[in-house]
Amino acid sequence: MSLTKKDVAKVANLARIKMDDAKLEELAPQLSNIIGFVEQLSEVDTDNVEPLASVVDINLRLREDKVTDGGYQKEILANAPDSLEGYFVVPKVVE
Amino acid sequence: MTNLTSMTMAEALKGLENKEFTSVELTQKHIDAMAQAKHLNAFITETPELALKQASESDKRRAAGNAGALDGIPIAMKDLFCTKGIRTTAASKILENFIPQYESTVSQNLLNAGTVTLGKANLDQFAMGSSNTTSHFGNVISPWKNQNSNNLDLVPGGSSGGSAAAVAARISMAATGTDTGGSIRQPAAFCGLAGIKPTYGRCSRWGIIAFSSSLDQAGAFGRTVEDAALLLKSMAGFDPKDSTSADLPVPDFAAAITGDIKGKKIGIPKEYRIDGMPDEIEKFWQQGIEMVKDAGAEIVDVSLPHTKYAVPTYYVIAPAEASSNLARYDGVKYGLRVDGEDLNSTYENTRAEGFGDEVIRRIMIGTYALSSGYYDAYYIKAQKVRRLISNDFENVFKECDALLTPTAPSAAFAIGENEDDPVKMYLNDVFTIPASLAGLPGMSVPAGLNSDGLPLGLQIIGRPWDEEMVLRVGHSIEKAANFTAQPQLTGKIAA
Numbered sequence: 029m030s031l032t033k034k035d036v037a038k039v040a041n042l043a044r045i046k047m048d049d050a051k052l053e054e055l056a057p058q059l060s061n062i063i064g065f066v067e068q069l070s071e072v073d074t075d076n077v078e079p080l081a082s083v084v085d086i087n088l089r090l091r092e093d094k095v096t097d098g099g100y101q102k103e104i105l106a107n108a109p110d111s112l113e114g115y116f117v118v119p120k121v122v123e
Numbered sequence: 174m175t176n177l178t179s180m181t182m183a184e185a186l187k188g189l190e191n192k193e194f195t196s197v198e199l200t201q202k203h204i205d206a207m208a209q210a211k212h213l214n215a216f217i218t219e220t221p222e223l224a225l226k227q228a229s230e231s232d233k234r235r236a237a238g239n240a241g242a243l244d245g246i247p248i249a250m251k252d253l254f255c256t257k258g259i260r261t262t263a264a265s266k267i268l269e270n271f272i273p274q275y276e277s278t279v280s281q282n283l284l285n286a287g288t289v290t291l292g293k294a295n296l297d298q299f300a301m302g303s304s305n306t307t308s309h310f311g312n313v314i315s316p317w318k319n320q321n322s323n324n325l326d327l328v329p330g331g332s333s334g335g336s337a338a339a340v341a342a343r344i345s346m347a348a349t350g351t352d353t354g355g356s357i358r359q360p361a362a363f364c365g366l367a368g369i370k371p372t373y374g375r376c377s378r379w380g381i382i383a384f385s386s387s388l389d390q391a392g393a394f395g396r397t398v399e400d401a402a403l404l405l406k407s408m409a410g411f412d413p414k415d416s417t418s419a420d421l422p423v424p425d426f427a428a429a430i431t432g433d434i435k436g437k438k439i440g441i442p443k444e445y446r447i448d449g450m451p452d453e454i455e456k457f458w459q460q461g462i463e464m465v466k467d468a469g470a471e472i473v474d475v476s477l478p479h480t481k482y483a484v485p486t487y488y489v490i491a492p493a494e495a496s497s498n499l500a501r502y503d504g505v506k507y508g509l510r511v512d513g514e515d516l517n518s519t520y521e522n523t524r525a526e527g528f529g530d531e532v533i534r535r536i537m538i539g540t541y542a543l544s545s546g547y548y549d550a551y552y553i554k555a556q557k558v559r560r561l562i563s564n565d566f567e568n569v570f571k572e573c574d575a576l577l578t579p580t581a582p583s584a585a586f587a588i589g590e591n592e593d594d595p596v597k598m599y600l601n602d603v604f605t606i607p608a609s610l611a612g613l614p615g616m617s618v619p620a621g622l623n624s625d626g627l628p629l630g631l632q633i634i635g636r637p638w639d640e641e642m643v644l645r646v647g648h649s650i651e652k653a654a655n656f657t658a659q660p661q662l663t664g665k666i667a668a
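Chains as they are written, first to last, in the numbering used here: chain A, 29 to 123; chain B, 174 to 668.
Think of the hints as simulated: they come from the structure by calculation, not from any bench. Accuracy of the hints is not assured; some may be wrong.
Stated by the list, open to error - Calculated lysine-lysine pairs in the BS3-like style (CA-CA distance at most 27 angstroms, straight line): (1) K466(B) to K437(B); (2) K266(B) to K597(B); (3) K266(B) to K102(A); (4) K466(B) to K571(B); (5) K102(A) to K414(B); (6) K51(A) to K414(B); (7) K481(B) to K102(A); (8) K94(A) to K414(B); (9) K233(B) to K266(B); (10) K38(A) to K51(A); (11) K506(B) to K46(A); (12) K597(B) to K34(A); (13) K456(B) to K437(B); (14) K102(A) to K120(A); (15) K506(B) to K38(A); (16) K597(B) to K33(A).
What the hints assert, rightly or not - Quick list of the computed label-pair ranges, beta carbon to beta carbon: (17) G432(B) to A50(A): 57 to 63 angstroms; (18) E54(A) to N191(B): 57 to 63 angstroms; (19) D97(A) to N239(B): 57 to 63 angstroms; (20) S60(A) to M450(B): 54 to 60 angstroms; (21) G64(A) to K435(B): 44 to 50 angstroms; (22) M450(B) to G98(A): 37 to 43 angstroms.
Unchecked claim - Residues on chain B that point at chain A, a partial pick, calculated with CB under 7 angstroms: (23) Q201; (24) D448; (25) Y488; (26) V489; (27) V505.
Nothing here was measured: the structure is a model prediction, and the numbers come from that model. Quick reminder that beta carbons are idealized off the backbone N, C-alpha and C, glycines included.
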């Protein structure tokens, strides 16, 4: 499977990474090469095989439903590029 | 006084206990070595003042009889572990100025054991790479030199390249690493160190900057198997803050090193004899087989039929998880922001400028593999093959106690080599990725030099939760190989 410049642009949009034409040109063959490499997986017979999402047989633990931690507003905002009165600040979203 | 930067961590602990030297003295020697070996670029952030403060507190604890398991030992912390108040970058531009407000569980465990932090070790950006050439903060240079062309700088391996270079160069007594597809074992092999990745779930991932959550696991570098075992013991343990952390007691790993592997069955997987493997790697592997045989182990030929699909499986699953994990870098909550005209273009500008080429490549592959119409063909397919790979291991461990393979298909290569084709670089991890996909403990042990005078490592893979067997076999190879070679570029101090 070969990715066109248009395919790469679509994926870049999904991944929210800005790319100019030169970058799209550069990535198309590189990504095609990697996708071509992983496509050898199609040779493997995986009928009746369950997908493996976690290697460790651990049952997810439940904890009691109560507040045990929190109150870190200052710490959470400490690395924000922009914040105001306890909020993250972003460019205007609605007109 | 003995040379404080060349002794092992185990020896240093005895020396501290017997009051032959203090942690401040030990730490100062390593800080001097760090300054001497700056050109290796092993650290992104050096913390000498913090180290001396921690060392002096350690000396007080020891004097008061309250010393922890690793009290006063100077180590390097891979810059992927969040450290409270100390910049943590993941070797990226997007986190160039990120100061964590909390401590990762593993680094907290080590602080509780009394370790001294020399600094944050360089790595491949977001731990994506096998050569430490994708760091935003520059390449790490291996302290080893090729005897036949010693003008070239070599890679230390990756992604934990700074950790490995620091320990090999005698800047640091030991170091933490993380291993997603070989990022501890391959640099350990390239730098002549013992490096262990424990079973997935043995160390908490809480506070480790995430790359591929179903594969990432913390582990340890030491100049000896014993040192790696000691460090790992203090890193590991159950943590309710990581839902995949195992609620199991942590064995005394160092005590597992009994030197006795008599009667143990060591499997040799025939599929690891890959096409194009250099003769010297094949010969070196054979020597390793002889070593465990001489130690009384029984050799069993085994088959892991899906081995050749491990690398392609990994290069679907790891990028897919990475694309999801790295979605958090949006220029809003932390990290770099590059403003655009609206919120969407702010995201796009920030991520384009904040991520390096290899990280972008992997996010793109992962996003593609997870996108509508391709999810089943790539991601689910890879998860199914992953199960087959895991089943292969389960089957062979019915016949043997551990597996023995080379760690990497070559010794360290020159900086800039293997850069022309991403897939070529990915194949460096052909022997380490299968155990990662199966979540198994694996370790690399230095067992010889190649014809260029560069270290080669043997990998031992064990059953889930049986790091003790891995360490025991590793130690037996270490003893037989008697690896004493040292790199040419160390942080040696005159006088």
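Hints and how they fare:
At roughly 10 angstroms between alpha-carbon atoms, K466(B) and K437(B) fall within 27 angstroms of each other, so this suggested pair holds. With a CA separation close to 25 angstroms, the supplied pair K266(B) and K597(B) stays within the 27 angstroms bound. A hinted pair counts as satisfied when its Cα atoms are at most 27 angstroms apart, and K266(B) with K102(A) qualifies at roughly 24 angstroms. A threshold of 27 angstroms between alpha carbons decides the hint, and for K466(B) with K571(B) the separation of about 20 angstroms falls inside it, so the pair holds.
Our distance criterion of 27 angstroms between C-alpha atoms is met by K102(A) and K414(B), whose separation comes to about 21 angstroms. Distance hint between K51(A) and K414(B) is unfulfilled; the C-alpha atoms sit about 40 angstroms from each other, more than 27 angstroms. At roughly 50 angstroms between alpha-carbon atoms, K481(B) and K102(A) are farther apart than 27 angstroms, so this suggested pair is violated. Proximity of K94(A) to K414(B) is assessed by CA-CA distance (about 15 angstroms); at most 27 angstroms being required, the pair is judged to hold.
Taking the CA atoms of K233(B) and K266(B), the gap is about 39 angstroms. The hint is violated against a cut of 27 angstroms. For the given pair, K38(A) sits about 13 angstroms from K51(A) by alpha-carbon distance, which is consistent with the 27 angstroms threshold. For a cut-off of 27 angstroms, the pair hint linking K506(B) to K46(A) stands: about 19 angstroms separates their Cα positions. Straight-line distance between C-alpha atoms of K597(B) and K34(A) comes to about 26 angstroms, which keeps the hinted pair within the 27 angstroms bound.
The suggested pairing of K456(B) with K437(B) holds, with an alpha-carbon distance near 23 angstroms, which does not exceed 27 angstroms. For the hint linking K102(A) to K120(A), the alpha-carbon distance of about 23 angstroms falls within 27 angstroms, and the restraint holds. Between the alpha carbons of K506(B) and K38(A) the distance comes to roughly 26 angstroms, so the proposed pair stays at or under 27 angstroms and holds. A distance of roughly 23 angstroms separates the Cα atoms of K597(B) and K33(A); the hinted pair therefore holds under the 27 angstroms criterion.
G432(B) and A50(A) have their C-beta atoms about 59 angstroms apart, which keeps the hinted 57 to 63 angstroms range intact. Against the hinted window of 57 to 63 angstroms, the Cβ-Cβ separation of E54(A) and N191(B) comes to about 60 angstroms, which satisfies the hint. Range check, D97(A) to N239(B): Cβ separation about 28 angstroms, and the 57 to 63 angstroms hint is violated. The hinted range of 54 to 60 angstroms is not satisfied by S60(A) and M450(B), whose Cβ atoms lie roughly 27 angstroms apart.
G64(A) and K435(B) have their C-beta atoms about 48 angstroms apart, which keeps the hinted 44 to 50 angstroms range intact. For the pair M450(B) and G98(A), the beta carbons lie near 54 angstroms from each other, so the given range of 37 to 43 angstroms is not met. Given hint, Q201(B) at the interface with chain A, is violated; its Cβ is 32 angstroms from that chain's nearest Cβ, farther than 7 angstroms. Taken as an interface hint, D448(B) does not check out: its beta carbon lies about 14 angstroms from the nearest beta carbon of chain A, beyond 7 angstroms.
Look at Y488(B): its Cβ gets to within about 5 angstroms of chain A, closer than 7 angstroms, so that hint holds up. With a least beta-carbon distance of about 5 angstroms to chain A, the hint placing V489(B) at the interface is held under the 7 angstroms criterion. Contact between V505(B) and chain A, as hinted, is supported at the beta carbon level, the nearest pair being about 5 angstroms apart and thus within 7 angstroms.
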